[in-house]
Amino acid sequence: MDYLGALLAGFMLPIILMVGGLIACMFWYISVPLLVLFVIAKIYKSKSSNAAL
1 MDYLGALLAG FMLPIILMVG GLIACMFWYI SVPLLVLFVI AKIYKSKSSN
51 AAL
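Residue numbers are given in our numbering: position 27 of the sequence shown equals residue 27, and the series is strictly consecutive.
Please keep in mind that the hints were generated in silico from the structure rather than gathered at the bench. Hints should not be assumed to be uniformly reliable.
Simulated DEER-style distance windows between Cβ atoms [what the hints assert, rightly or not]:
no.: 1; residue 1: TYR3; residue 2: VAL39; range: 25 to 33 Å
no.: 2; residue 1: VAL36; residue 2: ILE16; range: 46 to 54 Å
no.: 3; residue 1: SER49; residue 2: PRO14; range: 46 to 54 Å
no.: 4; residue 1: LEU13; residue 2: TYR44; range: 27 to 35 Å
no.: 5; residue 1: LYS42; residue 2: GLY5; range: 49 to 57 Å
no.: 6; residue 1: LEU8; residue 2: TRP28; range: 44 to 52 Å
no.: 7; residue 1: LYS45; residue 2: MET12; range: 47 to 55 Å
no.: 8; residue 1: ASN50; residue 2: PRO14; range: 29 to 37 Å
no.: 9; residue 1: SER48; residue 2: LEU17; range: 25 to 33 Å
no.: 10; residue 1: TYR44; residue 2: LEU7; range: 33 to 41 Å
no.: 11; residue 1: LYS45; residue 2: GLY21; range: 50 to 58 Å
no.: 12; residue 1: GLY21; residue 2: LYS42; range: 54 to 62 Å
no.: 13; residue 1: GLY10; residue 2: LEU35; range: 32 to 40 Å
Just so it is clear, CB atoms sit at the ideal spot from N, CA and C, and this is done for glycine as well.
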């Protein structure tokens, strides 16, 4: 039973890590461009408002 549990844990752990890594990569690939776009939009808005004033 312990051997089976250890085997299962050894098999599941890399899968869990891979899935977690994939989710983290997807999160970064989605959040980073959104953050960059948000910052660019904020800078652009502040520049355009300064130009208008």
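Checked hints:
1. TYR3 x VAL39: 25 to 33 Å: The hinted range 25 to 33 Å is violated for TYR3 and VAL39, with Cβ atoms some 53 Å apart.
2. VAL36 x ILE16: 46 to 54 Å: For ILE16 against VAL36, whose Cβ atoms are near 30 Å apart, the range 46 to 54 Å is violated.
3. SER49 x PRO14: 46 to 54 Å: Since SER49 and PRO14 have Cβ atoms about 52 Å apart, the given range 46 to 54 Å holds.
4. LEU13 x TYR44: 27 to 35 Å: For LEU13 and TYR44 the Cβ distance comes to about 46 Å; the hint is violated.
5. LYS42 x GLY5: 49 to 57 Å: 52 Å, holds
6. LEU8 x TRP28: 44 to 52 Å: 30 Å, violated
7. LYS45 x MET12: 47 to 55 Å: For MET12 against LYS45, whose Cβ atoms are near 48 Å apart, the range 47 to 55 Å holds.
8. ASN50 x PRO14: 29 to 37 Å: With a Cβ separation near 53 Å, ASN50 and PRO14 fall outside 29 to 37 Å, so the hint is violated.
9. SER48 x LEU17: 25 to 33 Å: 46 Å, violated
10. TYR44 x LEU7: 33 to 41 Å: 56 Å, violated
11. LYS45 x GLY21: 50 to 58 Å: 36 Å, violated
12. GLY21 x LYS42: 54 to 62 Å: Violated, at about 31 Å.
13. GLY10 x LEU35: 32 to 40 Å: 37 Å, holds
Violation of the numbered hints given earlier is confined to hints 1, 2, 4, 6, 8, 9, 10, 11 and 12; the remaining hints are satisfied by the structure.
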